Amino acid sequence: MATETEVMQELATDVGGAAVEHAGDHAVVFPPFDTTTFASQLFWLAITFGLLYYLMARVIVPRIGGILEDRSDRIVGDLAEASRLKEESERVIETYEAELAEARRKAQAIAEERRAAVNADLAEKRKTAEAGLAGKLAEAEGRIRTIRDKALSEVDGIATEAAEAVVARLAPVTVDTAEAAAAVARVKRQEA
Amino acid sequence: MANDPIHQFQLFPIVDIDVAGVDLSFTNSALFMALTVGSVVLFLVLSTTGRGLVPNRWQSMAEMSYEFVANTLRSSSGTEGMRFFPLVFSLFMFILFANLWGMFPYFFTVTSHIIVTFALAMLVILTVVIVGLMRHGTHFFGIFIPGGVPMALIPLVSLIEIISFLSRPISLSVRLFANMLAGHITLKVFAAFIVTLGGLGIGGWLGAVLPLGMTVALTALEFLVAFLQAYVFTVLTCMYLNDAIHPGH
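Chains as they are written, first to last, in my numbering: chain A, 1 to 192; chain B, 1001 to 1249.
Hint data in this document are derived by calculation from the structure and do not stem from the laboratory. From a predicted model like this one, the values you see are computed outputs, not experimental measurements. In this text, a Cβ means the ideal position worked out from N, Cα and C, and glycines have one as well. Hints are not guaranteed to be accurate.
Far from chain B by the CB rule (all over 10 angstroms, computed), these chain A residues [said to hold, decoys possible]:
1. Pro31
2. Arg71
3. Val118
Partial list, computed: chain A residues near chain B (C-beta under 8 angstroms) [claimed, not checked]:
4. Ala39
5. Leu45
6. Thr48
7. Phe49
8. Tyr53
9. Ile67
10. Val92
11. Tyr96
12. Asn119
13. Leu122
14. Val166
15. Leu170
16. Thr174
17. Thr177
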């Protein structure tokens, strides 16, 4: 130990310079190698470190470990919940789209139906209207024909009378009405 | 005494306790151990009282340190290794906070004493040995016989493996201890140099700018070392604990 002390004092002298004259006051031995302090250091290290270990094992590690575990559990739970919600929303979207397609289909069917009904109705009405018109046309034509026939037959009479009158004027011949009518009919045939 | 870079490692009793001739005084070292443990516990407990699903800043820092250590342990020794998590997390937080408290000027660095780091390293190694023996019985000694080695070489390789196993607590403790010790000595030497130069008048003041810059840079470096050494200790602990769970490697 004596040689060690000398070495340490030399060391102190080398690095400390002015320290050499003070070295004697306190440290004859380099403090870390002073065995007289070992017992006290070991004793207090055992107490303090033992206490630290006890608190670490009993309080601190379970607590921080618990916090970290809670958090990772929470994160895992939240992720599961998020994926569940996502799936659910996807399902809802699917349902919505299916319903939308169904509704669209229905709407088209209804529109088609309406259109067909309207068309049928329209055709019906047109047919009725056309039938009415055709009836009226036929009636009108009938009436026109009657009037024309009547007019034409009256023309014959007028022509016969006119022919009689013309003949009576031109010549002193009295023409038989029947003969005049036959002549008118002959002329009319020739013209026709 | 102000310029003595070794003085900062000096222990002095605050409350004298003597049990059967053994000095168990409550020293400045014990005070800083208590401060370290107290601050770790307060930080981890107070920050998580809200048990927020969405963490606030403090809780998120506590969770970050938890998950950082948990991932380190899980990646090196699998899910089975998680039973050691309270131990590994305690070690990491204790060393990290002890190192960081030591960064305050005039504060004592608990991890700059070899006995403390050695005790922590022995705690790890004894855990490995005891748990390994309890779980695997004599199969635990399979860690000294690597697979795929020719029979003739087994005695030699096993000897090397045994030496490597025995040197683990030493390398684990000395690495942390030496890093903290050297860092604090260097910092103190450069800081003391500023004061010495400052006493030389105007020329000294200008010269003192150099060690001042050095001290600032070293302080930043020491913060990195404080974290890094806590991390290295933790990673190695995880690797050693893996031997207790899977001895046949």
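Evaluated hints:
1. Pro31: violated (4 angstroms)
2. Arg71: Given a closest Cβ separation of 6 angstroms, the condition is violated.
3. Val118: holds (66 angstroms)
4. Ala39: OK, holds: A:Ala39 within 8 angstroms of chain B, min 5 angstroms.
5. Leu45: holds (6 angstroms)
6. Thr48: holds (4 angstroms)
7. Phe49: Hint holds; A:Phe49 Cβ to chain B Cβ min 6 angstroms, cut 8 angstroms.
8. Tyr53: Interface hint status for A:Tyr53: holds (5 angstroms vs cutoff 8 angstroms).
9. Ile67: holds (5 angstroms)
10. Val92: violated (30 angstroms)
11. Tyr96: Since the shortest Cβ distance to chain B is 35 angstroms, the answer is violated.
12. Asn119: With Cβ-Cβ at 69 angstroms, over 8 angstroms, it is violated.
13. Leu122: violated (72 angstroms)
14. Val166: Interface hint status for A:Val166: violated (131 angstroms vs cutoff 8 angstroms).
15. Leu170: Since the shortest Cβ distance to chain B is 137 angstroms, the answer is violated.
16. Thr174: violated (140 angstroms)
17. Thr177: With a minimum Cβ separation of about 132 angstroms from chain B (threshold 8 angstroms), the hint on A:Thr177 is violated.
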